[in-house]
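J.: Each chain, written out:
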Amino acid sequence: MARSGALAAVLLLSAVGARAADMPVFKITIRDGTISPTRIEAPAGTRFKLEITNAGKSPAEFESISLRKEKVLGPGVTSFVVVNPTSPAQHVYFDDFHPQAKGVLVIK
Amino acid sequence: MEQVLFIVWRESVEALLVVGILYAWLRANPAGRPGLRYLWGGVAAGLALSGVLALLILGVATFLSDDGQQYFQAGMSLVAAALIVQMVYWMRRHGRTLKRELESGLAYNVARANWWRLFLLVTIAVAREGSETVVFLYGTIATAQGGELLHYAMAGTVGLAAAFGTFWLLQLSSRFVTWRLFFRVTEVLLLLLAGSLLVGGLEKLVSIGTLPGLVDPLWNSSALLDDSGGLGKLLADFAGYRAQPALSVLLAWLVFWAASVSLLRRAAR
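Protein chains in written order, with the numbering used here: chain A, 1 to 108; chain B, 1 to 269.
Next up, chain A with everything else stripped away, as it sits in the complex:
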């Protein structure tokens, strides 16, 4: 049961991986109240991936209200969110557990 669950998870992951492989990827690192980079520029009208790593010792919640993304990350965890095509805009992202850590994603 557990094994088939793990297998399903792996299959699901590789399916997601295959679909996501050709997307541009932007990496974001959160570390105990700092977030880097603080500015990302992405092209409008294309799907892209934000790969978020929590390199700190405390948990983080990557959040962007205008991008409609929220993701809780335990210490040492790397995860990703996929952003669907949008028109040119500026989106603030931050660590909701350390709100002073902010960055801006510019789509143009």
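By construction, these hints were calculated from the structure, which means they are not laboratory data. Careful, some of the hints might be misleading.
[Stated by the list, open to error] In silico lysine-lysine, DSS-like type, Cα no more than 27 Å apart, as pairs: (1) K108/A to K233/B; (2) K57/A to K233/B; (3) K233/B to K27/A; (4) K233/B to K49/A; (5) K27/A to K49/A.
Given chain A, put chain B in place with the hints provided.
T.: Okay, now just chain B, sitting in the frame of chain A:
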């Protein structure tokens, strides 16, 4: 350290807002007494579920697909929003006459079915906010060293105390304002919260492409009122304010308020 305090307070208040309003209502209405057991049962179940959800977030989240998590969160928000509206409607409908109806046995089944919905609502409200608090505290405490641990524990306790202080103020206000006014104000608060849950849930669906945004974003008012910090963030969390809303979500929000108002008008008759 002040982060521990602030986050414990903020996550607790959102859950306590729902619990507090229902508690004040059940207490003020003699017929509501039987519901208190379901209320506290829901709190207990919500706390237990918080732990389980926190483990899932910490452990399984990396294995679950991004879309899967979004669907789950969207589902929780939308169910909670529907339950709040249903509860407000039911209170409006049966509030005044509940005691008499219960005594004559007419409302017994209605009441019992609704106590279970109340249980579910409270469970979701507590679990939603509680799981994040657990994740946050778990990681923070795990990295604390020696003396820090005491400070964190203190900050957490103060945060929780502040949340209960807020809860107490809510209960106090029910004693000083008239019952009618209290009822009106809390109805609006609950509906605002339900609207915010609806917006949050639908936006999850927009962000994974299940629901079209139509015109997205429709406008950008972040220069006027930024939703990522301060008052704007507070309004975003409690009332569903968005600086860059999608047209479809805005339409759903308008339909939500039109439907809620007409539903409550009908219930009052």
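J.: If you check each hint against the structure, which ones fail?
T.: Hints that this structure does not satisfy do not exist here, as all of them hold.
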